[in-house]
Structures are given as C-alpha cells and as structure tokens.
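So the protein lines, in turn, are chains A and B. Residues in the first sequence are numbered from 114 upward in steps of one, following my numbering. Residues in the second sequence are numbered from 53 upward in steps of one, following my numbering.
In short, the hints are calculated from the structure, not lab data. Keep in mind it's a predicted model, so treat the numbers as computed, not measured. The beta carbon of each residue, even a glycine, is placed where N, CA and C say it ideally should be. Warning: the hint list may mix true and false statements.
Below, simulated DSSO-like cross-link-like pairs (lysine-lysine); rule was C-alpha separation at most 27 Å, straight line [claimed, not checked]:
(1) B:K201 <-> B:K112
(2) B:K116 <-> B:K175
(3) A:K163 <-> B:K175
(4) B:K175 <-> B:K274
(5) A:K163 <-> B:K116
(6) B:K274 <-> B:K317
(7) B:K116 <-> B:K203
(8) B:K319 <-> B:K274
(9) B:K175 <-> B:K310
(10) B:K310 <-> B:K112
(11) A:K163 <-> B:K274
(12) A:K163 <-> B:K112
Which bits of chain B does chain A cover? Going by a derived footprint, with three or more residues having C-beta under 8 Å, they are [claimed, not checked]:
(13) 74 to 81
(14) 140 to 146
(15) 248 to 261
Just the calculated beta-carbon pair ranges, DEER-fashion [to be verified]:
(16) B:E108 <-> A:V337: 54 to 62 Å
(17) A:P413 <-> B:K112: 30 to 38 Å
(18) A:L403 <-> B:L290: 51 to 59 Å
(19) A:L404 <-> B:G279: 47 to 55 Å
Now for the letters of each chain:
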Amino acid sequence: MFLPFFQLLRDHGLPVSLRYVLEFYEALERGLAPDLDRLFVLLRLIFVKKLEHFDAFEQTFAAYFLGSEHDCSPRLSREFWESKAFRRWLEDETRRGALTQGDFERLPLEELLRRFWEVAAQQAGRHRGGHTWVGTGGTSPFGHSGAESKGVRACGESVHRSALKVIETRRYIDYAATAPLRAENVRQALAALKHMVPAGPATELDVNETVARSSRNGGEIDLVFRRELRDRIQVVVLLDNGGASMVSYIDVVKLVFARMRDQLRDLDYYYFHNCIYGCVYSDPERRTALLLHQFLRRDPETRLILIGDANMAPAELLLSNGAIDYFSKVRVPGREWLLRLRDRFPRSVWLNPICRGRWAQESSTIRSVGEIFPMEDLTLSGIRRAVEWLNTGGTQRLRVGPSPRRPIAASLSKQS
Amino acid sequence: MQFFGTDRYYLNSELRDIVNIAIAMERPLLITGEAGTGKTQLAFEIARALGLDLEEARCKSTFKGEELCYVYDTVLRLNDSRFSTGDSGRDVNNIWDYLRFGPIGRAFQAERLCVLLLDEIDKTDSDTQDNLLDVLEDGSFIIREINHKLKARQRPITIITSNAKRELSDPFLRRCYCHHIPFPTMEEMTQIVRLHYPQLPAPLLDAALPTFYRLRQMGFEKPPATGELLDWLGALQLDGAARPAERGRILHLGTLLKRTQDLLKYKGREARDS
Numbered sequence: 114m115f116l117p118f119f120q121l122l123r124d125h126g127l128p129v130s131l132r133y134v135l136e137f138y139e140a141l142e143r144g145l146a147p148d149l150d151r152l153f154v155l156l157r158l159i160f161v162k163k164l165e166h167f168d169a170f171e172q173t174f175a176a177y178f179l180g181s182e183h184d185c186s187p188r189l190s191r192e193f194w195e196s197k198a199f200r201r202w203l204e205d206e207t208r209r210g211a212l213t214q215g216d217f218e219r220l221p222l223e224e225l226l227r228r229f230w231e232v233a234a235q236q237a238g239r240h241r242g243g244h245t246w247v248g249t250g251g252t253s254p255f256g257h258s259g260a261e262s263k264g265v266r267a268c269g270e271s272v273h274r275s276a277l278k279v280i281e282t283r284r285y286i287d288y289a290a291t292a293p294l295r296a297e298n299v300r301q302a303l304a305a306l307k308h309m310v311p312a313g314p315a316t317e318l319d320v321n322e323t324v325a326r327s328s329r330n331g332g333e334i335d336l337v338f339r340r341e342l343r344d345r346i347q348v349v350v351l352l353d354n355g356g357a358s359m360v361s362y363i364d365v366v367k368l369v370f371a372r373m374r375d376q377l378r379d380l381d382y383y384y385f386h387n388c389i390y391g392c393v394y395s396d397p398e399r400r401t402a403l404l405l406h407q408f409l410r411r412d413p414e415t416r417l418i419l420i421g422d423a424n425m426a427p428a429e430l431l432l433s434n435g436a437i438d439y440f441s442k443v444r445v446p447g448r449e450w451l452l453r454l455r456d457r458f459p460r461s462v463w464l465n466p467i468c469r470g471r472w473a474q475e476s477s478t479i480r481s482v483g484e485i486f487p488m489e490d491l492t493l494s495g496i497r498r499a500v501e502w503l504n505t506g507g508t509q510r511l512r513v514g515p516s517p518r519r520p521i522a523a524s525l526s527k528q529s
Numbered sequence: 053m054q055f056f057g058t059d060r061y062y063l064n065s066e067l068r069d070i071v072n073i074a075i076a077m078e079r080p081l082l083i084t085g086e087a088g089t090g091k092t093q094l095a096f097e098i099a100r101a102l103g104l105d106l107e108e109a110r111c112k113s114t115f116k117g118e119e120l121c122y123v124y125d126t127v128l129r130l131n132d133s134r135f136s137t138g139d140s141g142r143d144v145n146n147i148w149d150y151l152r153f154g155p156i157g158r159a160f161q162a163e164r165l166c167v168l169l170l171d172e173i174d175k176t177d178s179d180t181q182d183n184l185l186d187v188l189e190d191g192s193f194i195i196r197e198i199n200h201k202l203k204a205r206q207r208p209i210t211i212i213t214s215n216a217k218r219e220l221s222d223p224f225l226r227r228c229y230c231h232h233i234p235f236p237t238m239e240e241m242t243q244i245v246r247l248h249y250p251q252l253p254a255p256l257l258d259a260a261l262p263t264f265y266r267l268r269q270m271g272f273e274k275p276p277a278t279g280e281l282l283d284w285l286g287a288l289q290l291d292g293a294a295r296p297a298e299r300g301r302i303l304h305l306g307t308l309l310k311r312t313q314d315l316l317k318y319k320g321r322e323a324r325d326s
C-alpha cells in the first residue's frame, strides 16, 4: 500500500532510503499511526529531512492519500472497492453486527474509511514479523498493483479535515528549493554559503612535545602549545548594479552578503555595469575604478562570484568598442575580459537573478556568458550548486537531486 | 511515556505527536526554526513534565565531538605525577580519576532515563557533527586512551536544536527526526502570551499583535521574534499603557527593534507616513 507512495516521493525529488522504509514499518507495528493525522506526522518525520522538501512531501501526501484537488466528488477507486482486505473487513464487520446493510448505505464515506483505517492500523500492529502489507498481491487495500494504483480517493470534505487543511495552506512553499531568493529564505541561502569556509581548532596542548621537553628539563614541567592554522578563504563579489533590471535584486543580495561578512573576513565587493570592460569599481556609483590587470594579480585561489543578469546588447559583449560607456577608450571586447577573469580564477561562478526557465527567452548574451562561467540562478538550489562548484575547485558539477518536472497532481492523473 | 505539554509552554498538537513518536522510537529529534520559537525551552519542559534529569550541552564553535563525551585531563595528571602529595584523593596510576565526562557521557552513564539537550549544534564544525554520528546511532562511544567502549545504559531522550545558521551534513540529518517549527500564527501567539502574562488586558493584546506582525513584514534585518514581543508587552504592562501606539508612534520601540539600521529605517518610514 505504501510502496507506490514511496516511489512517488522519489519521483518528486525526495531521497528515500531503504532504512526509512524499514523504520516506517517498525513504527507501524508499534502502533504509532492510529489515525491519518498521526500517519502524516510519522511519514514526514521519517522521510523528510530538509526544509526544502517539506512542500513537495505535503503535496504528494495530499495527492496520494486524500485525492487530488481536481476531484470534487468523493468516490472510491474500483481497485480499492474490490480489494481483498477491504472486502474482508466488510464481511467481518457485517458478521459482527457492527455494520448492517442499512448502515452501509447510510454512513458517509469518511466514516467508513475512518473505521476501516483504525482496524487496519491495529492489524498491522498485531502481525509481528509477518507483513501482510508488502508484496502479497491483493491483500493491500489501496489498489496496490503497479500502474493502476491510485491510493484512496475521498477528497473535498476529506476523511480528516485537519490534515488536509494544514496541507492546503502550503506553509512550506516559501522554503522549497525552486523558490526565488527573498527575505524569507535568505537564512537558508546563508546556510548553504557558509560551507565555503573550513575552520580548524585554535589552540591545543601538544602532549608529546610537552612530555619530551619536560623530560629534557629533568622533570620540570614545561607546557608546549601549538596553534593550528585556519584556512582563510578570500571571496570577491562582482555585482552588476547598473540598469533597472537589477535594482530589485540588489537589496536581497546585499542582505545575504552582509550577513556573510561575519563569517568571511575577506569579502570584497566590486561593481560593474552589464559587463566588465577593463576595470571594476569599488563604489556603487562607479566612480573609483580598479583596473582589471591589477585585479588579476590576486591569488588564483580566490573565489569569484559574479552576480548579474547577463542581459545586454550582444554588441557590448562581442564588439571591441562595445563598452557601454561612450567615452571609454577600451578596445578589447567584453568577452575577452571575462575570459581573462575565468582563466585567472578557476573557482568562479555567475549567479543570475533571472530564473533558469527564462534564460533562453531573455537574451542570447546569457548563453554566451554561460559558456564562459558556470551560471546558476538565484534560487536555493542554484546557490547550492554554485557553492558545490566553488568548493570542488570547479572540477565537477554536482547535481543536487532530481528536480521535479511536472506538478504532482498532474503526474498522478497521468498514471491513471 | 507521553508528553502532553505543561502549564508554562504552549504545545501545538503536531509538535506533541512528533515528540511522542521520537520518544517511542528512541531517535534523536532535531528541531530547527527561528530564534525565539521555543526550541530550547521544549527540552526543559519535557524534562519537567516527565520528571527527568536534563543534561545540557551548549555547543560552541570550538567544541570537538569528543569533548561532549569525555575529556582526559592530561595536564592535571602530569602535575600530579610530579607534585602530588596524595591527599587530593586521585591515584595517578588510575586513568578513571582523570576522565571527566561531558554531557553526553553523563547522560549515557545515568541510572535513570534522562533528557539530553544539544543546543545550537549548527555552531560546531561539520567534523564535530560527523564524530557524533555513531554516538547518536549506537548510543555508545569509545574512550580512545584505554580503548574502552562506553555504552548507554538507557538511550536518553535526545533533543538537538539548530538555528539553521549553517547547513548540517546529510549523514547527520539521516539519523535524526527533523522538524521545523514555523513562526507561531496569531492564534498560537495569543496563547503563548497568555501563558506568560495572564493579566494582560485583552484590548491591549488585540491591538498589539497585529502591530507586531505588521512590523515583521516590513523587511528589517533582524525582525522581532517571540522573545521581543514578550519583552515589549511586559514593558507596556508596566507602563500601564492602554494602547501600543500613541499618535502613530509605537511605544517602547527599542524592545522590538534592536539594530540601529532597523530603527532608522522605521523612523524614516514613520516620518514619511505622518
């Protein structure tokens, strides 16, 4: 009954390990999920470990157990109706006299399902070591048989209002990995960025040296301390603050990096407009210039983060006199400068506030810049990938989990 | 063993179920959330409600995993070997006299079940967290110097809190149950305030809460949290104020907004609106 649900979770980007599955069945045996609300809480505790997966989990749960939002009439799927477990339960109940024929027609669907679930949960507890849920064809009540499985459908006024209501509010959507960077999820972005600084312990008693020195002193104790070096990473942020398109992002970016200042002592900001032509500016008004060939003298281990929308007239990037500043005497095309930067600083990434889906539509320069620097967008998963890239020295692109491609309800209806 | 909340701590039903499941399955519970949402308080209240001892470990960035378990005092032993006169009661030849146990070590050695709190674990390095992995999994750690494995007599109820300042490593997350406490809604906040200030007049509270939530939406660098709200209400109550704002200016703003930038930003907005 639950295996298709686990598979669905995997399809929507949640890492599911066999360990969790076993733990879940153990919890079922102990009777920790007597009603749907507790089942929801238990599943979430065991399977979801990161904040950005919460929303996907809730939607999957709603779609699988409570029916998709497109359905408006409560109905049970045929498989469920005809499944052995449900029928057996019906027979038992009728035999016991708890459920008469009249009841069966009169009782609302929710009540039936609630009763059924209570009994089923108890049964799971009683069968120690002999799982009747897993793999035994036909016993699972919820239509478990490969492609046909739909889960219990009884939506709208659902079996347990509280669980559905909570899910409908979608409390966690702001934290999902594909949400754009805003003040709410800045904290999460920060958590990802702080991985960039490895730190080591500070002072340590060097016992061996102490013992050696003390023995040489004829027994007079001489304590020797050593200090381990901390790795200091230098990060430089080059920010495109020209043009109306970037204005809305400046505040958020500044907020993120302002918080980082506590962690990273060596964080420098420079500014440019659209593209880099021979110099970068150390003030937001772009008056104080720092020539690029001086900038290129920095340590090649410096991490470089360029933030901009990479959206400019192709001429600016490719023509030798394409610099946006009319009076500029620079005769090297913008692309050249970017290449020089990339060659000097292999650990560099470009972060683009425009979301990934729109890159192809916005401008061809985005793709051109994307060929020079690895480009990610300013969502949580984009920043994570960018940080992974910076940490691994630019040698491998790490995929941070499969990204969901279809909305969850649609994918369920496709199965039917 | 079930936990149902106490008179001093507001517990919503979801969190109650989660705590009880974690206790039943004997798994550590990792709680994340904004500052002031009652994460640390939860552990204290569990200990109080169930009548158990609490071992607390306030994690600092210099902590190594071993320190939380035990510390071997080499300097003292060196000193005793040279200068000891024997009346300190410690035997230089016996290493057990020089092993001091940290919170995890003490929790594992306790006779009765106890609650173990690892506060703000995200302040430590990921190395420390990796070192704690098998401690959490098995309930045992090895004393390196004598190669002795110390196993927990009873697995303590472990609560780990994190401010989500730094990301926790995946293997660490896999071994815990994770729960994120969202910021309380207005109804929940009302109940929380009522627990702390039962005598607060209702009109004041009804006026103050929307103001508070509005302030949170304004995008300050450090938005006010539950702790600040309680301080502010306390100040208003002491002051005997009937309303939270006079002529458009919020009283006792300093208890809500702590950063200079935020205060200036707010004053600027106030000046613009008035």
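Satisfaction of hint between K175 of chain B and K163 of chain A, Cα-Cα up to 27 Å:
holds, 18 Å
For K163 of chain A and K274 of chain B, compute the direct alpha-carbon distance and say whether it is at most 27 Å.
holds, 24 Å
Would you mind confirming whether the straight-line C-alpha gap from K116 of chain B to K175 of chain B stays at or under 27 Å?
Given that 27 Å is the threshold and the Cα spacing comes to 11 Å, the pair holds.
CB-CB spacing for V337 of chain A and E108 of chain B relative to the 54 to 62 Å hint
violated, 33 Å
Coverage of the stretch 74 to 81 of chain B by chain A (three or more Cβ within 8 Å):
It holds: at least three residues are needed, and the stretch 74 to 81 of chain B offers 3 whose Cβ sits within less than 8 Å of chain A.
Proposed proximity, K112 of chain B with K201 of chain B (alpha carbon, max 27 Å)
With a Cα-Cα distance of about 26 Å, the restraint between K201 of chain B and K112 of chain B holds, given a limit of 27 Å.
K175 of chain B and K310 of chain B: Cα distance at most 27 Å?
At roughly 22 Å apart (the allowed maximum being 27 Å), K310 of chain B and K175 of chain B satisfy the hint.
Three or more residues of the stretch 140 to 146 of chain B near chain A by CB distance under 8 Å?
Coverage by chain A is violated for the stretch 140 to 146 of chain B (0 residues, Cβ < 8 Å).
Take the C-alpha atoms of K163 of chain A and K112 of chain B, compute the straight-line distance between them, and say whether it is at most 27 Å.
It holds: about 23 Å lies between the C-alpha atoms, which stays within 27 Å.
Taken at face value, is the distance from the CA of K112 of chain B to the CA of K310 of chain B at most 27 Å?
Holds - the C-alpha atoms of K112 of chain B and K310 of chain B are around 24 Å apart, at most 27 Å.
Please work out if K175 of chain B and K274 of chain B have their alpha carbons no farther apart than 27 Å.
holds, 19 Å
Is the straight-line distance between the alpha-carbon of K319 of chain B and that of K274 of chain B 27 Å or less?
holds, 16 Å
The structure does not agree with the numbered hints 14, 15 and 16 stated previously, though it agrees with the rest.
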